[in-house]
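Chemist: The lines below spell out each chain.
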Amino acid sequence: MLSDNFLTELRKIVGEDYVLSSPEDLVCYSYDAVTTTHLPDVVVFPASAEEVSAVLKVANGKGIPVVPRGGGTNICGASVPIKGGIVLAMNRMNKILEIDTENLVAVVQPGVVTGEFQRSVEAHGLFFPPDPQALNMSTIGGNVATNAGGPRGFKYGVTRDYVLGMQVVLADGRVMRVGGKTIKNVTGYDLTKLFTGSEGTLGVFTELTLRLIPLPEDKRTLLAIFDALPDGARAVSAIIKAKIIPTTLELMDQEAMQLIEASRPCGLPTDAASAILIEVDGSPVDVPVQIKKVAEVCAGCGAREVRVAATEEEAAQLWASRKAAFAAMARSTPTVMTEDITVPRNLLPVMVEKIKQIARKYQLRIPILGHTGDGNLHPIICTDERNAEEMARVHVAVDEMFREALALGGTLSGEHGIGLEKKKYLEWELGRTGVDVMRDMKRALDPNGILNPGKIFLREDGE
Amino acid sequence: MKRLTQYADEIYRCMRCGACQAVCPVFAVIGQEGSVARGRIRLMREMLEGKLAPSPRLAKYVDLCLGCRLCVANCPPGVNTDRIMVAARHELAGYLPHARVKRLLLRQLLRNPRRFAAAMGVLKLARRARVNGLLPGALKLREDLMPALPAHTFRRGWSQGTAAIPLGDGRRIGFFLSCMGNQVFPQVARAAVRVLERQGLEVIIPDGVVCCGAAHHHSGDWQMAREMAWRNIMVFREAGVEAVITDCASCGSAMREYAGLFAGTDEAEEAAEFAAKVADISVFLVEKVDLLTGDGIPPVTVTYHDACHLIRYQGVKHAPRQLLSSIGGITFREMVEADRCCGGAGTYNLFNYQVSIGVLDRKIKHLKETGADLLATGCPACRMQLEYGIRRHGLDIKVVHPVELLALSLGLNTEPLA
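As you go down the protein sequences, you meet chains V and U in turn.
Read in order, the letters of the first sequence correspond to residues 405 to 867 in my numbering.
Read in order, the letters of the second sequence correspond to residues 5 to 422 in my numbering.
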């Protein structure tokens, strides 16, 4: 419990209306998209870097936890105030400060919703490619804090590749600027990259400078259907060997297709092993050549059917199946848990097979979606959080999946983050030294451990 | 907690993905979790688990839901937040803001057509005597939400049976005269009935109908809603009609859901039979008759606003657009976010004025961008709200029901568009 004096201090900083502490409001900021929840002691909505700084100063003085929050849509538990304290809801700071069409950069506040930002720059013929699934409700600040990815990652990279600079408030309230509008910048350590993906544990963003690129003029979509999973994987490699980099290479396995067809029929073959939804983009001259080549390569690799969308409507129809996937899974079960293990691209069929073995072994339903271009797999565990016995099997299965992914030279998380959900596995991938170095950095920047405590690391200082 | 407990599984199904945030009109204005489905559903879960006690604040967050179903349409697991909120209003009845005023309005005024007429009469009188200007600021704002009222109600200006000559195949249909159609927009009801008659249908407008009960149901008053629903069901049974047509989106959606109101009772079957006969006038005209559209109207650009009670409560999207496009002289121009709630939501604008205006302003911005001369919509509550928004922004756009334009095209509109 925080003292009345402390709450009064917070109200002085941000204003009466922007401090919430009723039990009802605390419940509304106790969760994100994972199942673990914890009540904060207070929710504060700052409107400026000065206010963020003032809040951090008083919190740091008293050692009170501060958890920055954007859309609260992440699936690693990064926004859950697991140690209570202050939830710093950043969504009032939601202005696009500048779209600089000469330097191809934008300067934004962290609370801008990603999808709205994308539509704003697209109106200028520009493109901000990172496209996490939650882009219509997640914020830029949250995306930078979790280094969000998305289907376009293979061709266009992830959020990290578009962050040029930032204004960030440190744990003690000091305000720092790093990076800026230039593409080239080797002045000192690359702190911009350090803070990107730090999940709110190192500082609070108050302004972000983002790189933009020209919006591709044209795009085309096709769906390739395979009777054997390795054929699809061979096709992906062959496409890349043919010097084509598709925008997306979205894999749906048989179980995923069966669920989609049961919930919202889109004409997917439920007897095929997999389907890959491929989109290419570029100039109106390039695109038809690319799509033709992709179709040929798929056919040559044993695709039993290749559906090329002739019109925008047909493309939308093909995409409808992939877009319906998550809802289909969510409707089939009380709880879905989405993992995002990532392996080197050529080992993707091996990993898919491992996941299927694990699912059989623990009698779990785990349909798989994936971004085949970058080896990022989403096994989606369909379960029920109220069934303790099944949840125990889920946890063992997840342990096993991670072990297999690491053995293949992969990583725990391609695009979701560590947060609460995967901190147990951090040392498996980084080793003792890796974890120690990260904790040293954390200690240097946040000696009192107030910023998003309980995340990324299994043990806090003093535990 | 009986009504809410029925939804326990659905409440647990919320995976807190936050997809509702992308579409919730109230969240766009308030920006806090308590004002979006994810927060509301979580609050209900905590209340069911006994971790949160019913409270005025809990009730306030429930009350702030427009019931527009935008979140339901966008929800991956398909949680019916609107229905859960109706159940929650029932459970939290004593804690709801303005509970007594609303109960008075619903139970005394809206339940009885004569009392409603009397209240409208008082408002007209006050406006004529210009004493409405003396109302205190907050009340004056709310009075401004009401449109200009017609000189006569539909009932007073209509003599039953004059034009009801069975033509063609002698099909006989019923017309549900809504409270709003009778009291506030009688010109729409007149246009609707004339258009139906011109299609060769015998139109029965029964005397004994009462309010459809939508407002009572939405506020959680099941008992009152059932009482009125049953009366309407009986009245139309006596009329012996093949269909019950309405020009009101909200009445239509309420009556089409009468079966749910009586679920598990002896009346369920009869209610379901009635509900299946109910149709919005646009749908009926486009799907059930060989539509005569007449000579067309002078050139005009028209856009269309989807009422929540049509697009998401009844799945009506194409029929009104088809109807408009079939009338000569109309250039149809779609607006951005045509299916986004206008913030009217029955009496929501009266009780949550600031939020409602925030929602409305976005709608008016998109309306303005179309450059349309006319805005068509199939819901009288939306119409009042949209007319208010248009006045508020000083625009010169008229709001009409699609059937008014059809009546004009058929040479049936004896009165100019408002």
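FYI, nobody ran anything at the bench for these hints, they're computed from the structure.
Hints should not be assumed to be uniformly reliable.
To be verified - Lysine-lysine pairs mimicking DSS-like chemistry, simulated, CA-CA at most 27 Å apart:
#1 V:LYS697 <-> V:LYS727
#2 V:LYS559 <-> V:LYS696
#3 V:LYS623 <-> V:LYS597
#4 U:LYS55 <-> U:LYS6
#5 V:LYS499 <-> U:LYS369
#6 U:LYS6 <-> V:LYS499
#7 V:LYS416 <-> U:LYS64
#8 U:LYS321 <-> V:LYS727
#9 V:LYS588 <-> V:LYS623
#10 V:LYS647 <-> V:LYS585
#11 V:LYS727 <-> V:LYS623
#12 V:LYS487 <-> U:LYS55
#13 V:LYS645 <-> V:LYS499
Chemist: Give a verdict on every hint.
Modeler: These are the hints, each one checked on the structure:
1. V:LYS697 <-> V:LYS727: Cα-Cα ~25 Å, so holds.
2. V:LYS559 <-> V:LYS696: Holds, because 19 Å separates the two Cα atoms, which is no more than 27 Å.
3. V:LYS623 <-> V:LYS597: 31 Å, violated
4. U:LYS55 <-> U:LYS6: 17 Å, holds
5. V:LYS499 <-> U:LYS369: Since the Cα atoms of LYS499 of chain V and LYS369 of chain U sit roughly 19 Å apart, the hinted pair holds (cutoff 27 Å).
6. U:LYS6 <-> V:LYS499: Violated, at roughly 45 Å.
7. V:LYS416 <-> U:LYS64: 26 Å, holds
8. U:LYS321 <-> V:LYS727: Cα-Cα ~22 Å, so holds.
9. V:LYS588 <-> V:LYS623: 30 Å, violated
10. V:LYS647 <-> V:LYS585: Distance ~31 Å between LYS647 of chain V and LYS585 of chain V Cα, so the pair is violated.
11. V:LYS727 <-> V:LYS623: 18 Å, holds
12. V:LYS487 <-> U:LYS55: 19 Å, holds
13. V:LYS645 <-> V:LYS499: 43 Å, violated
Comparing the model with each earlier hint shows violations of hints 3, 6, 9, 10, 13; every other hint is respected.
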